[in-house]
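Colleague: Going down the list, the sequences are from chains A and B. 216 is the number that the working numbering gives to position 216 of the first sequence; each next residue is one higher, with no gaps. 23 is the number that the working numbering gives to position 23 of the second sequence; each next residue is one higher, with no gaps.
By construction, these hints were calculated from the structure, which means they are not laboratory data. You can trust all of the hints, since none of them are fake.
Pulled a few chain B residues facing chain A out of the computed Cβ check, cut under 10 Å: (1) I10; (2) Q21; (3) L30; (4) R33; (5) F35; (6) D36; (7) D50; (8) L196; (9) G213; (10) S217; (11) R226; (12) G276; (13) S299; (14) N311; (15) R312; (16) S402.
Cut-off 20 Å, straight-line C-alpha distance, at most; resulting in silico cross-link-like pairs (EDC-like, lysine to aspartate or glutamate): (17) K109(A) with D372(B); (18) K109(A) with D198(B); (19) K109(A) with E432(B); (20) K109(A) with E430(B); (21) K109(A) with D195(B); (22) K373(B) with E110(A).
Backbone N, C-alpha and C define an ideal beta-carbon position, used for all residues, glycine too.
There are 2 protein chains.
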Amino acid sequence: MATEHRTAAILAVGDEIVLGQSLDTNSRWLSQRLFDLGIVPVEHATVGDDLGAHAAAFRRLAERADMVVCTGGLGPTADDLTRAALAGASGDTLVEDAGALASIEAFLKERGRAMSPLNRTQARRPSRAAWLPNGHGTAPGLAGEVGACDVFCIPGPPAEMRPMFEGHVRPRLKPPTDRAVRTRALHCVGLGESDLADRLGSLMSRDRNPTVGTTASGGVVSVRLRSVAPGEAEAERLLDADEHEVRRLAGPHLFGADGETIAGAVVGRLVARGRGLVVAESCTGGMLGAMVTQVPGSSAVFRGGWIVYDNRAKVADLGVPGALLGAGGPGAVSREVAAAMAEGALRHGRDRDADTALAITGIAGPEGGSPDKPVGTVFVALARADAATDVRRFSMAGDRESVRRWSALSALAMLWMHLAGAPATRLLREIEATTGVSGTGA
Amino acid sequence: MATEHRTAAILAVGDEIVLGQSLDTNSRWLSQRLFDLGIVPVEHATVGDDLGAHAAAFRRLAERADMVVCTGGLGPTADDLTRAALAGASGDTLVEDAGALASIEAFLKERGRAMSPLNRTQARRPSRAAWLPNGHGTAPGLAGEVGACDVFCIPGPPAEMRPMFEGHVRPRLKPPTDRAVRTRALHCVGLGESDLADRLGSLMSRDRNPTVGTTASGGVVSVRLRSVAPGEAEAERLLDADEHEVRRLAGPHLFGADGETIAGAVVGRLVARGRGLVVAESCTGGMLGAMVTQVPGSSAVFRGGWIVYDNRAKVADLGVPGALLGAGGPGAVSREVAAAMAEGALRHGRDRDADTALAITGIAGPEGGSPDKPVGTVFVALARADAATDVRRFSMAGDRESVRRWSALSALAMLWMHLAGAPATRLLREIEATTGVSGTGA
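So here's chain A without its partners, still in its complex pose (with noise of 0.2 Å):
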């Protein structure tokens, strides 16, 4: 048992991963949140489904690092093979462990599933380890120790990963005690990963203490600061000087810190305003009503929305002039259905109390460009029940993913510059900004 955690490695298992099948995420996330812990991760490694090459890959990493985080090989299957090589790493057996089994079980109960012997084989455990709880699927983890090295095991999917991480092995976490490491995230939209990099300025040399690093993300930028000090009082002071700085060289395109998103620092600002939106979307067919339902208490504000990717939607349902979409009118994507389609949702939803509206048009590809308006063209509208609609064009990059992503969170970060008083902020990949346009002289 390692009496510190100063330093980690990470393992990831599966050959799946080892063979490039999937992509791992969970080695970068474990290391995340390792380091904001002030524990610092030396090496990733990953092997494939091979007990002798797991089990080696343990023995080699514990000793590497005074502790390890195993992710995948817990699942029922044959392949499954993190709890043998725990075994075999450590020179002890596997047991069944009637904790974890009595957990699978009542797993399972809960959604009128029954055990099966390949389950069965989940609730096996290394003698000397411990059984983890997974709340969030049949399979348990283990903490065990192969030499003096801490190994905690924790399955491969990242919905049961994460929260096995957080409630059952941070807990068991010993960051050295000598020195504190904090870190904290600045978030911001609307602008790119150099611009603000040039308005960070001389913040992000590299002997400075916070260190100021930026990283790009589906359209949002983030600041990260992390500072080591003697004791955690001093490292937050420092990080506290440095985010205000930070602060106010992004001005109102910073729209949060750490966990926040674009989304809830949005649904936050509309409740505190006691405002009601509603969403209308062409290309994005729902993708902005999910990012803003997925902000747990959005429904004190989100009033409905409408997915008019169909043209008969659009005049149907939000009574977008017919001439508009066709032949001789601007089209289905156009200022004009945009501001058509976000001020007919803004009549629809005054029935319950909406007051803002947001919608999208957009030709998010592969198909379905012009040379007028190649794919990535998108126009996003805001209309308020108070003010003149604002229409944005924008010209996304990338694939129709990229392109529907970009979009939603265009429309957020326009709605979040208003609501931060700052409606004239140019945003990121926009090319062209109309206020006062209306498609349908409601």
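Got chain A; can you put chain B on it based on the hints?
Modeller: Structure of chain B alone, referenced to chain A:
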């Protein structure tokens, strides 16, 4: 020098990867490419910018595989240590290569930049290694040896790594000539991994050829086949035979192969039957619509949707009887309301030739559960113009996001089973089915 490359190891280098700041996608890409060429990846490893750890990784992996591909650590700065690590692992010394230097100079000159002392270090290589040209950046690659193992080092940025692999590593590879390796994935919905394994039975024994394994991800369970044979035709024939058997054993649960999705399979079948689909979503908030419209060409069958997260929207947009929602009624999360939502959507969709409607209402959490209807309780209804409405009650596990994903997926699975001619198939996490229920008398 290995006479043949039967096995490979992949090494990724960089603090940003091992600390979790960046996600390594190179190792997966390289594994896929190597495996397609008949070379079996046996391990991935990631180490930080640390000379000792990097050289040790080269030596260890050289014992484990016939070849190693290393990405990263070839930049111009002090933390780029791949050149030195390869020299250290092979007992060699670094020399400056005139050809590499000229190539870097030419690359910079073309872009109006001058050679810096830092760039000059990129022309160094172990004396017994060769340099590999890089058409997209300043970092040359390396081809060297550690013991009998061939080692290829290429830069980390995917835009440089991929063309260098194709242009300069691949021609140096020596895949086994005595065998061909082929893989195939077959995807299923509506059953658990252990159910599927039970059906596959002895197909999954580890000494077969093809090998047959299963993986589960987000509600889809996949069967992975891998054959090894003296020639490609024979390897394909082995896969075909096993695919035939897997299809027989999985029955209607199997919906597609390799890159196919359940939404794609459902859309394909709706297109083939000339049907039109509408959706009504409460707890999923648009996610089902987003999944369907993610399929290119879904516009041929998708006729629109209503996001009726708010009860007032259920009444106003879909005609759900208010009495079902009020005190004394079954409530918003009930079989009656699911049926009324689907039937209302169908009625409203008739003007655009919809004949099939899916509706979802449930409790995604974290709030809103009750003893009768805990978080995870979800009703899915399928209404059709030509058949009685089918409503199923599910008990979903996991957090809000998981409950919502599983709900949307289960709705697609339910429709798939109907389209596959197996309407009575009980689905994973389904706890009760009722056919002929109607919420509206429509």
